[in-house]
Amino acid sequence: MPRLTTRERRERYEREYSFQKRHGKPFFPNAVFHDTIVSLVVVALIMGMTILWHAQFGGVPGEGTAERIGGLLGPAYEAKADPGVLGYDPRPDWYFFFLFELLRIFKTPELLIVGSIIIPTIWMVLLIGWPFIDRNPDRRLSRRPIALALGVTVPIVLLALTFYGSKAPGAAGAVSNEPGAAAFAAGSCSTCHTLANAGTAGNVGPVLDQAMPDYARVLDLVTNGQGGMPAFKATYSEDEIKCLAGYVATWAGATGTTPGPNAASAKDVYPAACAKAGGLFAGTAASAAGP
Amino acid sequence: MSTLLPPPAEIAKIPVDWVEERSGLISFGKFMLFRNVPKDISWLQTLGSALITVFILQATTGIVLAMYYQPDPDTAWNTIKFITDDATLGWLVRGMHKWGSSVMVVLLFLHMGRTFLFGAYKYPREMTWITGAIIFILVMGMSFTGYLLVFDERAYWATVVGVNINGTAPILGPTLSYILMVGPEISTHTLSRFYALHMLVLPSAIGGLIALHLWLVIRLGVTSPPWSRMQSNEGDV
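Residue numbers (numbering that gives the first Met the number 0), protein chains in the order written: chain A, 0 to 290; chain B, 0 to 236.
Keep in mind that a hint or two might mislead.
[As the list claims (entries may be wrong)] Result set (EDC-like, lysine to aspartate or glutamate): computed pairs, CA atoms no more than 16 Å apart in a straight line:
1. B:29 <-> B:16
2. A:20 <-> A:92
3. B:38 <-> A:15
4. B:80 <-> A:77
5. A:266 <-> A:238
6. A:232 <-> A:219
7. A:275 <-> A:219
8. A:166 <-> A:100
9. A:24 <-> B:39
10. A:275 <-> A:237
11. A:20 <-> B:184
12. A:166 <-> A:237
13. B:29 <-> B:19
14. A:232 <-> A:100
15. A:232 <-> B:19
Since the hints were derived computationally from the structure, they do not count as laboratory data.
Make a model of the complete structure from these sequences and hints.
See the structure below:
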């Protein structure tokens with residue numbers, strides 16, 4: 000189709016649309032009838048999902064149980080939020096799975112920003128600015144090969160990201176006996192980080208066996224957070240944080256029972272801090288070696 | 000005396016005429032309802048009105064939920080439990096709000112896909128597309144802010160991760176995260192801030208944009224499908 004001047008374009012639209020209007024049909028009742036039927040179907044669908052969801056709660060929960068046993072559509076609610084909880088596997092709701100998966104693809108600290116900011120921003124700019132990017136005046140798909148290719152690819156990519164995001168693994172595997180290992184594996188750390196010694200395979204944040212941070216760095220990150228990493232100073236006590244930092248500095252990049260390259264940076268606090276923190280932090284190796 | 004009273008049909012018209020004379024709303028309504036649309040518009044073009052229905056549903060159920068909900072970390076979860084377990088038909092209201100949000104996101108995708116495939120964003124309807132795209136982004140914001148309000152484990156941790164993703168942005172990121180959470184971590188203030196965004200800021204912005212979007216649809220006319228044979232030819236001009 001040849002390029003038209005602004006005036007020709009307007010006149011052409013006005014000519015064609017007035018013709019279609021003249022030969023058209025009134026909005027009411029024709030289009031309104033179709034709209035009403037589709038709206039009713041949608042409301043019925045929402046009600047149907049709600050009823051199915053409610054019917055599958057699993058009844059009134061027993062004494063002291065916060066979590067409902069859910070069916071196909073999940074529980075009514077999980078336990079009340081507890082910032083200090085160990086071993087929770089955070090996940091977004093399904094409509095953010097694509098972003099979740101994108102972050103798993105760009106998981107190294109240098110690339111994280113590509114998945115978290117750059118790609119979503121490009122998407123938003125393309126989405127809003129699309130009418131200015133696609134200047135082809137033709138509306139027939141057979142004359143819009145590029146738009147058609149995009150219109151097929153983008154939904155497939157989004158669906159694939161959503162699908163893989165929904166299958167994203169949790170954490171926690173075999174746990175070593177070193178002090179701090181059990182707390183690392185059971186706590187929030189494991190969800191995002193891979194650390195062979197703790198048997199975790201999270202891949203939202205950096206792989207600690209590759210990053211091999213020293214004690215001071217882990218201590219700062221766990222305490223204050225940075226970027227995608229939450230701050231844990233309100234969650235864990237000082238000894239608990241020292242224990243985790245010492246554990247990570249010692250065992251990141253370890254081969255078998257030989258500690259990693261930064262083990263020396265933690266030798267003043269680890270494993271003493273773990274013994275002081277006690278509980279899950281102490282680890283069986285510490286209790287065996289302790290007083 | 001009775002000759003002074005007009006016939007009943009005329010009496011009924013009095014308030015209608017009164018409104019019409021002052022606002023022109025009656026003739027606008029008639030124009031909207033009885034304006035001609037292209038003969039061959041398809042079933043695919045009903046998704047927009049279905050979205051308005053879901054928006055109204057979300058607003059209505061949201062208002063009912065707001066009557067019971069308390070945006071406080073100590074009580075939020077308990078009020079949700081009360082609504083779900085104890086309030087009359089509370090499970091239905093809450094469930095429809097919850098599932099309505101998912102259906103809304105899916106319908107938005109379909110509506111946008113239909114517009115894309117029909118090329119309905121082309122001249123002169125660019126602005127209709129832009130308002131729609133902004134509505135889409137705001138609805139994702141509704142989903143994100145609404146998710147925390149339930150205040151269960153999933154809601155809490157998903158929000159921590161989400162806000163921190165935000166924080167990876169250069170320069171403004173950490174400040175944005177701080178503003179969203181009102182501090183370095185999720186607290187009472189985070190919950191009331193999300194609640195205010197979720198039920199005041201975002202819905203009014205979406206409502207206003209829907210009104211503009213609809214006005215543009217009415218002003219520019221509904222697009223006929225790209226396969227439409229209803230093209231004017233020389234003889235009609």
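Verification of the supplied hints:
A hinted pair counts as satisfied when its Cα atoms are at most 16 Å apart, and residue 29 of chain B with residue 16 of chain B qualifies at roughly 13 Å. A hinted pair counts as satisfied when its Cα atoms are at most 16 Å apart, and residue 20 of chain A with residue 92 of chain A does not qualify at roughly 44 Å. For the hint pairing residue 38 of chain B with residue 15 of chain A, the CA-to-CA distance comes to about 13 Å; that is within 16 Å, so the pair holds. A C-alpha spacing of about 10 Å is found between residue 80 of chain B and residue 77 of chain A, which places the hinted pair at or below 16 Å, so the restraint holds.
For the hint linking residue 266 of chain A to residue 238 of chain A, the alpha-carbon distance of about 14 Å falls within 16 Å, and the restraint holds. Restraint check for residue 232 of chain A and residue 219 of chain A: the C-alpha separation of about 10 Å stays at or below 16 Å, so the hint holds. Only pairs whose Cα atoms come within 16 Å are accepted, and residue 275 of chain A paired with residue 219 of chain A is rejected, the gap being roughly 20 Å. With a C-alpha separation of about 9 Å, the suggested pair residue 166 of chain A and residue 100 of chain A falls inside the 16 Å cut-off, and the hint holds.
Under the criterion of a C-alpha separation no larger than 16 Å, the hint pairing residue 24 of chain A with residue 39 of chain B is consistent with the structure, at around 9 Å. Annotation: proposed proximity of residue 275 of chain A to residue 237 of chain A holds, straight-line Cα distance about 10 Å (limit 16 Å). Of the pairs offered as hints, the one joining residue 20 of chain A and residue 184 of chain B is violated, with about 57 Å between alpha carbons and a cut-off of 16 Å exceeded. Of the pairs offered as hints, the one joining residue 166 of chain A and residue 237 of chain A is violated, with about 35 Å between alpha carbons and a cut-off of 16 Å exceeded.
A hinted pair counts as satisfied when its Cα atoms are at most 16 Å apart, and residue 29 of chain B with residue 19 of chain B qualifies at roughly 11 Å. A C-alpha spacing of about 28 Å is found between residue 232 of chain A and residue 100 of chain A, which places the hinted pair above 16 Å, so the restraint is violated. With a CA separation close to 64 Å, the supplied pair residue 232 of chain A and residue 19 of chain B exceeds the 16 Å bound.
Consistency note: the structure conflicts with the earlier hints numbered 2, 7, 11, 12, 14 and 15.
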